[in-house]
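Residue numbers (our numbering), protein chains in the order written: chain A, 1 to 110; chain E, 1001 to 1114.
Hints may be right or wrong, so weigh each one.
Stated by the list, open to error - Straight line, CA to CA, 30 Å or less: simulated BS3-like cross-link-like pairs of lysine-lysine:
| hint | chain 1 | residue 1 | chain 2 | residue 2 |
| --- | --- | --- | --- | --- |
| 1 | E | Lys1057 | A | Lys102 |
| 2 | A | Lys70 | E | Lys1057 |
| 3 | A | Lys56 | E | Lys1017 |
| 4 | E | Lys1018 | A | Lys67 |
| 5 | A | Lys102 | A | Lys56 |
| 6 | E | Lys1017 | A | Lys67 |
| 7 | A | Lys67 | A | Lys102 |
| 8 | A | Lys67 | E | Lys1031 |
| 9 | E | Lys1031 | E | Lys1017 |
| 10 | A | Lys102 | E | Lys1031 |
| 11 | E | Lys1017 | A | Lys42 |
| 12 | E | Lys1017 | A | Lys2 |
| 13 | A | Lys70 | E | Lys1031 |
| 14 | A | Lys2 | E | Lys1031 |
Claimed, not checked - Listed next, with one range per pair, are the computed distances between beta-carbon atoms:
| hint | chain 1 | residue 1 | chain 2 | residue 2 | range |
| --- | --- | --- | --- | --- | --- |
| 15 | E | Asp1059 | A | Tyr39 | 30 to 40 Å |
| 16 | A | Gly16 | E | Arg1070 | 28 to 38 Å |
| 17 | E | Tyr1010 | A | Ser26 | 16 to 26 Å |
| 18 | E | Glu1063 | A | Thr96 | 46 to 56 Å |
Since the hints were made in silico from the structure, they are not lab data.
For each residue, glycine too, the CB sits at the ideal point set by N, CA and C.
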Amino acid sequence: QKEVEQDPGPLSVPEGAIVSLNCTYSNSAFQYFMWYRQYSRKGPELLMYTYSSGNKEDGRFTAQVDKSSKYISLFIRDSQPSDSATYLCASYSGNTPLVFGKGTRLSVIA
Amino acid sequence: EADIYQTPRYLVIGTGKKITLECSQTMGHDKMYWYQQDPGMELHLIHYSYGVNSTEKGDLSSESTVSRIRTEHFPLTLESARPSHTSQYLCASSESFGANYGYTFGSGTRLTVV
């Protein structure tokens, strides 16, 4: 079993839709949870970062972690064509490298 | 403005050649990483370093080596390139301390071995 599981999609939504991206993880020691966005032929860029359980909001983006169910979510409100990218969840426990999900490819259609 | 630089951006090379992919960062980060990513696929950790003279192997390390002689520099070497090495190679760095352990990635080197 991979430590971080993510449905690769692809996911296609109309402009203005609310997008929900999800991951599950298996390692109970994970405390740090991140979402990266990767545009084609670019390196991933950090989008959201949360520690332990709870929600974090930044503009149109909300990251949510439920440690009891080992579930990580990213919500995008009022999605835009510029949000079209691959979104990767990642997690780790401390002094070990980040473990990435496979990434979900999102297309927002104008 | 990039704080982590990878060169070359693109490289086409023949089978059997020795190649070194360069990665430098200006943020003073102690930790650096190399990942391999095929198009549309997940990132695989190749090597990582937690400081000068410290290197560790990741999942795909058997056909490559790294060195960390200076904090800012973390080159990756393939001793004998093969077509199976054709991929995108991403370098990243992160802080050792503080609340944010997020990685900063470079733009990658796209390698083609013919």
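Results for each hint:
Straight-line distance between C-alpha atoms of Lys1057/E and Lys102/A comes to about 20 Å, which keeps the hinted pair within the 30 Å bound. Under the criterion of a C-alpha separation no larger than 30 Å, the hint pairing Lys70/A with Lys1057/E is consistent with the structure, at around 28 Å. Between Lys56/A and Lys1017/E the alpha-carbon distance is near 48 Å, which puts this suggested pair outside the 30 Å criterion. With a C-alpha separation of about 46 Å, the suggested pair Lys1018/E and Lys67/A falls outside the 30 Å cut-off, and the hint is violated.
A threshold of 30 Å between alpha carbons decides the hint, and for Lys102/A with Lys56/A the separation of about 22 Å falls inside it, so the pair holds. This hinted pair does not check out: Lys1017/E and Lys67/A have alpha carbons roughly 47 Å apart, beyond 30 Å. Of the supplied pair hints, the one linking Lys67/A and Lys102/A holds, its CA atoms being roughly 20 Å apart against a limit of 30 Å. Distance restraint check for Lys67/A and Lys1031/E: the Cα-Cα separation of roughly 27 Å lies within the 30 Å cut-off, and the hinted pair is therefore satisfied.
With a CA separation close to 29 Å, the supplied pair Lys1031/E and Lys1017/E stays within the 30 Å bound. Of the pairs offered as hints, the one joining Lys102/A and Lys1031/E holds, with about 23 Å between alpha carbons and a cut-off of 30 Å not exceeded. With a CA separation close to 26 Å, the supplied pair Lys1017/E and Lys42/A stays within the 30 Å bound. This hinted pair does not check out: Lys1017/E and Lys2/A have alpha carbons roughly 34 Å apart, beyond 30 Å.
Between Lys70/A and Lys1031/E the alpha-carbon distance is near 27 Å, which keeps this suggested pair within the 30 Å criterion. Of the pairs offered as hints, the one joining Lys2/A and Lys1031/E holds, with about 24 Å between alpha carbons and a cut-off of 30 Å not exceeded. The hint said 30 to 40 Å for the Cβ distance between Asp1059/E and Tyr39/A, and at roughly 25 Å that hint is violated. Here the CB-CB span from Gly16/A to Arg1070/E is close to 49 Å, at odds with the stated 28 to 38 Å.
At roughly 37 Å, the beta carbons of Tyr1010/E and Ser26/A sit outside the given window of 16 to 26 Å. Checked against the given bound of 46 to 56 Å, the beta carbons of Glu1063/E and Thr96/A, roughly 23 Å apart, lie outside it.
Violated hints for the displayed structure, listed by number in ascending order: 3, 4, 6, 12, 15, 16, 17 and 18.
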